[in-house]
Amino acid sequence: MGNTENPPEARIIGGISAMPGEVPWQAFISIDFSSNGTEAYQCGGVVVDARTVLTAAHCIINAGRRATPEHVRVWAGITSLLGATSRSVTPVSAITVHPAYNSSNFNHDIAILQLAMDLPEAAIPIQIASVATQQRADNAFANTWVVNGDRPGNLLVTGWGSTTPNPDAPGATQLQQTLLSGVPDRNCDMLWGSSVNPQVYRIFVCASPPSPRLSRDSCYGDSGGPLVWQDPQASSDPDFGLRLVGLVSFGEGCAGNLPGVYTQVSTYLDWIAAVVGSGFVATPASVFAMNPFLKDYSQAGLENFNVQSSGGGGDDSGGGLSLLILLALTGLAILRTRR
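Reminder that position 285 of the sequence shown reads as 285 in this note's numbering, one-by-one numbering, no gaps.
Hints may contain errors.
[As the list claims (entries may be wrong)] Quick list of simulated restraints, FRET-style, between CB atoms: (1) SER130 with VAL89: 28 to 34 angstroms; (2) GLY64 with MET290: 41 to 47 angstroms; (3) SER17 with GLY279: 31 to 37 angstroms; (4) VAL89 with MET19: 20 to 26 angstroms; (5) VAL89 with ALA63: 24 to 30 angstroms; (6) GLN233 with SER88: 31 to 37 angstroms; (7) TRP271 with SER88: 25 to 31 angstroms; (8) MET290 with ARG65: 36 to 42 angstroms; (9) ASN36 with SER80: 22 to 28 angstroms; (10) PRO69 with LEU302: 41 to 47 angstroms; (11) ARG65 with ALA234: 37 to 43 angstroms; (12) SER235 with PRO69: 33 to 39 angstroms; (13) SER130 with SER211: 27 to 33 angstroms.
These are computed hints drawn from the structure, not numbers from a lab.
A virtual CB, placed ideally from N, CA and C, is assigned to each residue, including glycine.
Let's have the full structure, built from the sequences with the hints guiding it.
Here it is in structure tokens:
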């Protein structure tokens, strides 16, 4: 995807409303370069410890400008944006963008927000998938993927972004969530274009609706928000084995023909630990009150937005360009922040 002069945007399409306490790792981030709301945009974020939130690098760097802590405000432990008040905001003390972040192809699209004080008790960290856990997830995606057919909803995505593909539509005020299906790395690369760089597999996770008949996706305003997998080996744990595998990055518009693309967080565990320092706990002893994978999503995403890509192709189409070349040479992919 090429450079953009506008902040990337994303919102959940085909979602249902989250209950209070159901997704306690979700953060809401407001970035305002103007300090008076005239250049403000929103992103999602993920709580990974009491003073650390992850988000997308493209939320922090836009059109050559880099947000400073004074530009950024964070809320967590809320499901309604009516709770995002000046009293409940958590100030940011430091921002670190991955040093290899590339705004032309969105490699290493990850940033760390370090907070000036602890988040409220309602905000509970989620454990980042280890490399081994991510490999189990990848194997599960490969073993259950069905081209042009039904596949399991094995990934949870959440956010306050748009609920329709219309970029001018308002975002949600109530946190939305939906289930997606993990797309095997090679299938995703074939759908976006043929592979020339296998290293892409280490930095991206791809997700599509559980059925080609469903319109489900992250969208404008969801950038930097969480993509979560439930590890069957830890499903009986107090956190239900919920693991952060991705951050919302980009896609073919919203609810288009191609899988959504997410930053694979496990790749950056060592970097996160080095930036945050000795106080970072990679395996928090979190206790979650509810397992959002157990909700009824049967009616989610039944709308048919009839979004067609300029590149054409359905669920099993391919292409002649690599993912990275395709992103660089066309305007097909859209970042998922919201102004």
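Outcome for the supplied range 28 to 34 angstroms, where the beta carbon pair is SER130 and VAL89: At 32 angstroms between Cβs, range holds.
Assessment of proposed distance window 25 to 31 angstroms (beta carbons of TRP271, SER88): holds (30 angstroms)
Hint check for GLY279 and SER17 - Cβ pair distance inside 31 to 37 angstroms: holds (34 angstroms)
ASN36 paired with SER80, Cβ distance criterion 22 to 28 angstroms: holds (24 angstroms)
Satisfaction of the hinted span 36 to 42 angstroms by the C-beta atoms belonging to MET290 and ARG65: With a Cβ separation near 39 angstroms, MET290 and ARG65 satisfy 36 to 42 angstroms, so the hint holds.
Outcome for the supplied range 31 to 37 angstroms, where the beta carbon pair is GLN233 and SER88: With a Cβ separation near 36 angstroms, GLN233 and SER88 satisfy 31 to 37 angstroms, so the hint holds.
Consistency of beta-carbon spacing, ALA234 to ARG65, with hint 37 to 43 angstroms: Holds, since ARG65 and ALA234 (Cβ atoms, about 41 angstroms apart) stay within the stated range.
Cβ separation of SER130 and SER211, checked against the hinted range 27 to 33 angstroms: At roughly 30 angstroms between Cβ atoms, SER211 and SER130 fall inside 27 to 33 angstroms, so the hint holds.
CB-CB spacing for LEU302 and PRO69 relative to the 41 to 47 angstroms hint: Hint holds: Cβ distance 42 angstroms, inside 41 to 47 angstroms.
Beta-carbon spacing of VAL89 to MET19 - inside the hinted bounds 20 to 26 angstroms or not: holds (23 angstroms)
Supplied distance hint 33 to 39 angstroms, evaluated on CB atoms of SER235 and PRO69: Given a distance of about 38 angstroms, which is inside 33 to 39 angstroms, the answer is holds.
Distance restraint hint 41 to 47 angstroms, applied to the beta-carbon atoms of GLY64 and MET290: Given about 42 angstroms between the Cβ atoms, the range holds.
In summary, this structure violates none of the numbered hints.
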